[in-house]
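Visitor: So the chains spell out like this:
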Amino acid sequence: MSTPIQVPTFNYHAILAIFRFEMTRFGRTLWQSLVTPVITTALYFVVFGAAIGARVGDIEGVQYGSFIVPGLIMLSLFTESLNNASFGIHMPKFTGTIYEILSAPVSAFEIVLAYVGAAATKSVLLGLIILATASLFVPIHIAHPLWMAAFLVLVATTFSLFGFIIGIWAKGFEELQFVPMLVITPLTFLGGVFYSIDMLPAGWRTVSLFNPIVYIISGFRWSFYGTADVSIGISLAATLGFLLLCIALVWLIFRTGYRLKS
Amino acid sequence: MPPTPVISISALGKIYASGLVALQDVDLDIRPGEIVALLGPNGAGKTTLISAVCGIVTPTAGSVRVNGHDIRRDYRAARAQIGLVPQELYTDLFETPWDTIRFSRGLFGLPPNPAHLERVLRDLSLWDKRKDMIMTLSGGMKRRVLIAKALAHEPQVLFLDEPTAGVDVELRRDMWAQVRRLRDSGVTIILTTHYIDEAEEMADRIGVINKGRLILVETKTELMKKLGKKQLTLHLLEPLATIPADLSAWALTLNNDGGDLEYVFDASSEQATVPALLKRLGELGIGFKDLTTRQSSLEEIFVSLVKEQTDQPWSTPPGSIRSSIQSPSDRR
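First to last, the protein sequences are chains A and B.
Residues 1 to 262 in the working numbering are what the first sequence lists, from first letter to last.
Residues 1 to 332 in the working numbering are what the second sequence lists, from first letter to last.
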């Protein structure tokens, strides 16, 4: 015990430790984390792409099966980012092992970077795997690959941050599932995953514009096919705005110790 | 000159959002290399005190310094020196002991050191279990895993929150031996317990907490000396009907139908009073066939201290007890 004290100024060892821990958990639950979403997405392509899609025809010049690919990737990305990040921080709270994180020489920024980084990494991997799976069923063209990658990372990070907030806010597993199941999933289905909002009657189109998910899916679809329901600038601004809101909430949580420290 | 404290707690207070006053005006200096036991009934504030020092609970008043580093302003330097073993068995059940202590070391900002981690696991008899999932280990083993996690980053100060709660006698003895070995290696140890014998067996100094206040901090021997009572029982040759007026200078009672004369006195004043009593008895012609003495245990001291606080809440100046029994070096 005579080793001199080493005081980290930036605790990258802690970030790596948490990141590795989270990725190991991902590996342990590979079936639940990866295979299930891939199978679900494949079924969407079978039903909407092959069975129904053949009768729908093209949307904005894009074959229906191909048109739904960006939306389906986003659907999985939202769900997985929220689940991974919320479980990641909620489990230590639930099991009590959070004591070790709170008593370690690690800053709030480093904690968030590690948990959100791990959750976002898993989601991006999943998104890419779904993209690869989709390419087996339908022709896919990516008009703006860099924007596609940027959107993928941005959305994964933003929703992982949102999931991190939910994980801290939730008092139990029921609350943990509340936002992803009862808020995000319905908004995503109504956010243009399976259709262009231009196909809706004028009134419903206006209502849809209040759904923030519309802007994200529209922007991501634009990176594939160059067409969008709303301007790409507005999509990007909406996504960045949500990211900033999440960052502000996380900052507030650590500043006040909300549901972390008494 | 007393050694610089490794932990210096000053006027520490904690009031929870519910209004519960968990800590009030706690002052405590921990010297390097000592074992301090914090003794107190359930809900006394022991865990809150530890949690406040370790960064898990945010104090509402006062300050804590670890080797001169403030736990809030300089939290990295302060926390890097502390290891914490919680009261509950908080473990990642699906991890192995090896992975979980490697995680702990990384969390505290240190690069991997397999040799150190192996030594820690071997010292705690966990080496053979290093690849087993924690969920398959016994309760005692899980507690050792928690100790191993706390030692993974080579802390200078180790907090053990009720380390032997719910463990069997053999494991308790093992843990006591382990704690002594850690102290011998230079680690300062602060443990909470409500087992009096544990405090008596292990600690260099004992602090008693009740209702969020640190009632006293004393070395074990000083505590016994200052607060311990001795009881002298004289088994008389002839029973007495009443205690003679000539013996009123001593607090005597008659028991066993006047056959036993009992004298209870402060442990620290025995030299002055017992010989005088025996001499006076001889002068009065009161003979005795046998005598027994008994010294109050730490448990009795603890119970009387806590009872005193319960019977006499803080309408009197809270520092009165402490200031009357603390040695000057303990006062701030």
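If you're looking for bench data, these hints aren't it; they were derived computationally from the structure.
Keep in mind the model is a prediction, meaning the values are calculated, not measured.
Heads up, the beta-carbon is just placed ideally off N, CA and C, and yes, glycines get one too.
Keep in mind that a hint or two might mislead.
[As the list claims (entries may be wrong)] Pair by pair, the computed Cβ-Cβ distance ranges are:
1. Tyr-16(B) / Phe-254(A): 43 to 51 Å
2. Val-35(A) / Asp-197(B): 30 to 38 Å
3. Lys-131(B) / Val-35(A): 24 to 32 Å
4. Val-35(A) / Asp-184(B): 46 to 54 Å
5. Gly-96(A) / Pro-32(B): 24 to 32 Å
6. Ala-108(A) / Ser-138(B): 30 to 38 Å
7. Phe-210(A) / Tyr-16(B): 36 to 44 Å
8. Arg-72(B) / Pro-139(A): 56 to 64 Å
9. His-144(A) / Pro-114(B): 53 to 61 Å
10. Gly-241(A) / Lys-131(B): 41 to 49 Å
11. Thr-219(B) / Gly-96(A): 30 to 38 Å
12. Arg-122(B) / Gly-241(A): 51 to 59 Å
13. Ser-304(B) / Phe-178(A): 51 to 59 Å
Visitor: Taking the CB of Ala-108(A) and the CB of Ser-138(B), does the distance hold inside 30 to 38 Å?
Guide: holds (36 Å)
Visitor: Is 43 to 51 Å right for how far apart the beta carbons of Tyr-16(B) and Phe-254(A) are?
Guide: Violated - the Cβ-Cβ distance for Tyr-16(B) and Phe-254(A), about 19 Å, lies outside 43 to 51 Å.
Visitor: Quick one: are Ser-304(B) and Phe-178(A) within 51 to 59 Å, going by C-beta?
Guide: holds (53 Å)
Visitor: Does the Cβ distance between Arg-72(B) and Pro-139(A) fall inside 56 to 64 Å?
Guide: holds (59 Å)
Visitor: I want to verify a distance hint. Is the separation of the beta carbons of Gly-96(A) and Pro-32(B) within 24 to 32 Å?
Guide: At 30 Å between Cβs, range holds.
Visitor: That 24 to 32 Å hint for Lys-131(B) and Val-35(A) (C-beta), does it hold up?
Guide: The hinted range 24 to 32 Å holds for Lys-131(B) and Val-35(A), with Cβ atoms some 26 Å apart.
Visitor: Taking 46 to 54 Å as the stated bounds, is the beta-carbon spacing between Val-35(A) and Asp-184(B) within them?
Guide: Holds - the Cβ-Cβ distance for Val-35(A) and Asp-184(B), about 53 Å, lies within 46 to 54 Å.
Visitor: Holds or violated: 36 to 44 Å for the Cβ distance of Phe-210(A) and Tyr-16(B)?
Guide: Holds, since Phe-210(A) and Tyr-16(B) (Cβ atoms, about 41 Å apart) stay within the stated range.
Visitor: Regarding Val-35(A) and Asp-197(B), is the given constraint of 30 to 38 Å on their beta-carbon distance met?
Guide: Roughly 55 Å apart at Cβ, these two residues miss the hinted range, so it is violated.
Visitor: Between Arg-122(B) and Gly-241(A), is the Cβ distance one that fits in 51 to 59 Å?
Guide: Hint holds: Cβ distance 54 Å, inside 51 to 59 Å.
Visitor: I want to verify a distance hint. Is the separation of the beta carbons of His-144(A) and Pro-114(B) within 53 to 61 Å?
Guide: violated (47 Å)
Visitor: Please test the hint of 41 to 49 Å on the beta carbon pair from Gly-241(A) and Lys-131(B).
Guide: Since the Cβ atoms of Gly-241(A) and Lys-131(B) sit about 48 Å apart, the hinted range of 41 to 49 Å holds.
Hints 1, 2, 9, counting from the list given before, are not met by this structure.
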